[in-house]
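Please build the complex by placing chains C and Y on the supplied structure of chain F, with the hints as guidance.
So the chains spell out like this:
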Amino acid sequence: MENLLDTLGLSQSAQLLSLSPPGWGGNLLRGLANSLQIAFGAFGFGLLIGLFGAYGKLYGGPILRDLLAIYTTVIRAVPELVLILILYYVGSDLINQASVAMGYGRVEISGVVAGIWVLGVVQGAYSTEVLRGAIQAIPPGQLEAARAFGMPPLMTLRRVTIPAMMSFATPGLANLWLIATKDTALLAIVGFSELTLETRQAAGSTRAYFTFFLAAGALYLIITLFSGAFFARIEKWARRGQPSLKEGKR
Amino acid sequence: MTGWRAMLQPHRLFLMALFAGLVIWCALSLRWDWLPEYGPLALQGLWRTIWILAVTTILGFALAVPLGLAQAIGPWYLSAPARAFCTVIRGTPLLLQIWLLYYGLGSLFPQFPWIRGSELWPYLRQAWPYAVLALTLSYAGYEGEVMRGAFASVNKGQLEAARAFGMPRLTMFRRIWLPQAIRNVLPTLGGETILQLKATPLVATITVIEIYSVSSRVRSDTFIVYEPLLLLALVYMIIAGIIALAFKKIEDRVPDRPRQR
Amino acid sequence: MTLKSILTAAALGALTAGAALAHDEEVKIGIAAEPYPPFASVDASGTWVGWEIEVIGAVCEAAGLHCVLTPVAWDGIIPSLTGQQIDAIMASMSITEERMKTIDFSDAYYNTPTVVVGDKALDLDATPEGLKGKILGVQASTIHQAYAQQYFADSAEIRIYQTQDEANQDLVAGRIDATQADSIAMADFVSTDAGDCCEIKGTVADDPAILGQGVGVGVRKGDDELRASLNKGIAAILADGTHAEITSRYFKASIY
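Chains as they are written, first to last, in numbering that gives the first Met the number 0: chain F, 0 to 249; chain C, 0 to 260; chain Y, 0 to 255.
Only chain F is shown next, with the shape it has when bound in the complex (with noise of 0.2 Å):
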């Protein structure tokens, strides 16, 4: 194997690229596991604004409506960058204005917070367009009986809307989960410790831009492809026992 490596000059990159200390792969794993933490929890919370704002756009009175599509325009006419940094020093601003406000003394907010806080809200603006489209494509017939029967409402979102809705919504959000990883590389800009950041500062230190730049990029990739089929798996259980649609997701 070593032999392999040293015929083709890779031996260098190998032992840059090692697990422990004198190799960086460990901080890249590190960055990783920052990364996945901040897609996961912005994916989240991102579902958890959509949610509430695809319902608001709606069902929600004229206002709440119109203030929604104030959100879901200006993000999506905004570079993520330019949001990121907006979010990101306003967010801990007035997170912190407010609880000294209500006399609760400074808020500490870590990293990982902020960039879930900052992440989630862009987030937010395309999971309530994708999970308001995928609301109207329930047929109205399986809400109306959910109604009839007397089903409260919380209850018809839990039994009827969200399991009709999965397999309309699944291609969107997988979607969004793999922008959101590939966001969290945003992040190093305001000096967040995720990949890129970390790649950032293990080729500064040792020069070899080419290596660890490739190798992120292989970690990135692997990501992807894994979210890739297990995101068709879950759309296939969304799907089971729909007529299958030859020609494709449209």
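Certain hints may be false.
[As the list claims (entries may be wrong)] Far from chain F by the CB rule (all over 12 Å, computed), these chain C residues:
1) Thr91
2) Phe164
3) Leu177
4) Gln179
5) Tyr225
[Unchecked claim] Here are some chain Y residues pointing at chain F (derived, C-beta under 10 Å):
6) Ala32
7) Ser79
8) Thr191
9) Ala193
[Said to hold, decoys possible] DEER-style ranges, computed between Cβ atoms:
10) C:Arg4 / F:Leu28: 52 to 62 Å
11) C:Gly240 / F:Ala231: 30 to 40 Å
12) Y:Ala193 / F:Ala68: 50 to 60 Å
13) C:Pro39 / F:Gly60: 43 to 53 Å
Hints were generated in silico from the structure; no laboratory data involved. Bear in mind that the values here come from a model prediction, so they are computed numbers and not experimental data. Each residue gets a CB set at the ideal place from its N, CA and C atoms; glycine is no exception.
Chains C and Y alone, transformed into the frame defined by chain F:
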């Protein structure tokens, strides 16, 4: 949109008044004294942003057509690399791609001294060729995937008819297949272009001076944080709005597709 | 993973975030997230090392503060301080009048001259004439950017990098002809294999209004209590020889 009457509902008027109040508050109580000094630089940056956006979408689309075609009908030795390219581009963060191209390639230069003597060196020294290349490849990767679907969904009967009339393959592609594929993707093209616009600020990290980097410059020179960012967000929203309107205009002018299915 | 459990996880995350209130005595020391050797950089095991990191530890110990290192992006480090994400900046930040309008500084804890480093093969020096027609790289939001824009912008092309590391990298690659930075970091850089291409071309003419008077700890305006205890800590490590001891392990000469 049901015209101006919809805008005159009481709650909309209220929201608009609120919004106007917010704008006036921003104009009066926030700091804008840096604007005259940085105005010319900002205009320059804006021009650079639009220029990069235009060049990379056009080049990217030109590259997306063969990528889509190779995936839709190409033999395996063309379709496999095309698919791999799209997967890699779509599966990794653009920021990383930009850094790999700029700093990764840069780190190779010292090993090959002849590069500095070559005629390309004046361009390789600049940052913008890397920015254009990275953004072009990214757009091609995303749009190539879309074009694959677009080529595949053109009505087969029309292609068969063209072949039956003895139309040469290239003419068939140029006159029938490509126009219809483009019409198929037209509704998504506006959105993709806005996504591309939102990707442009990333090139500021490799020293390209565009509108985002001007706002960073203001922040670092004056320590004013929110005002440049808010103005920047507004600028992007206006550009995005113009793109959306322009594509809607184009879409309206293209004759409706015959109702299929 | 069902949708329900995802939602539960998100809700739990939001709750715990709200519950984590600050400990009163914890001081968050903001350092630049990008490597700046030999003052502060991450090593392969992920820990921060360097002269400044050790000084932070010594100052905090002498001042009796419980400090936590918090890496933040350099070009957002002052907004992070005013936005209360960190309580103090110890990231080789020079005390300048421009920054004093926004934040306060402790006493200085080191001071270095500013130099221009360039390709050995090129004939240039640290004057506007010497840099005529050259490309000069500087790090964003530094005194060097301010200085270069003031004095060199008319004769040279200025390129602004997010980190000094990347400017160095482009100097090695030949994309820029020279970079301006502080002399210690640069002396360290040209002594490495990578920095072999280049040499220190000269010290720039001093302008205290822009280049400042040494490096101090940045604190929020009005945070006088913290500033006082940091000053006490800095005075203590200067007096008892800790500062000199740390310096001797990194540099040949005193940098105070």
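A quick look at each hint next to the structure:
1. With 12 Å as the threshold on Cβ separation, the claim that Thr91 (chain C) sits away from chain F is violated: the shortest Cβ distance comes to roughly 4 Å.
2. Distance check for Phe164 (chain C) against chain F: the nearest CB is about 28 Å away, which clears 12 Å, and the non-interface claim stands.
3. With a least beta-carbon separation of about 21 Å from chain F, Leu177 (chain C) lies farther than 12 Å from that chain, consistent with its non-interface assignment.
4. Distance check on Gln179 (chain C): its Cβ is at least 17 Å (rounded) from any Cβ of chain F, clearing the 12 Å threshold; non-interface status holds.
5. With 12 Å as the threshold on Cβ separation, the claim that Tyr225 (chain C) sits away from chain F is violated: the shortest Cβ distance comes to roughly 7 Å.
6. The closest approach between the C-beta of Ala32 (chain Y) and any C-beta of chain F is roughly 3 Å, which is under the 10 Å cut-off, so the hint is satisfied.
7. The restraint placing Ser79 (chain Y) at the interface with chain F holds, with a minimum CB-CB distance near 8 Å, inside the 10 Å limit.
8. Here the hint on Thr191 (chain Y) is kept, as its CB sits about 9 Å from the closest CB of chain F, short of 10 Å.
9. The criterion of a C-beta within 10 Å of any C-beta in chain F is met by Ala193 (chain Y), whose closest approach is roughly 5 Å, and the hint holds.
10. Taking the beta carbon of each, Arg4 (chain C) and Leu28 (chain F) are about 59 Å apart, inside 52 to 62 Å as hinted.
11. With their beta carbons about 36 Å apart, Gly240 (chain C) and Ala231 (chain F) fall inside the hinted range of 30 to 40 Å.
12. Against the hinted window of 50 to 60 Å, the Cβ-Cβ separation of Ala193 (chain Y) and Ala68 (chain F) comes to about 53 Å, which satisfies the hint.
13. At roughly 46 Å, the beta carbons of Pro39 (chain C) and Gly60 (chain F) sit within the given window of 43 to 53 Å.
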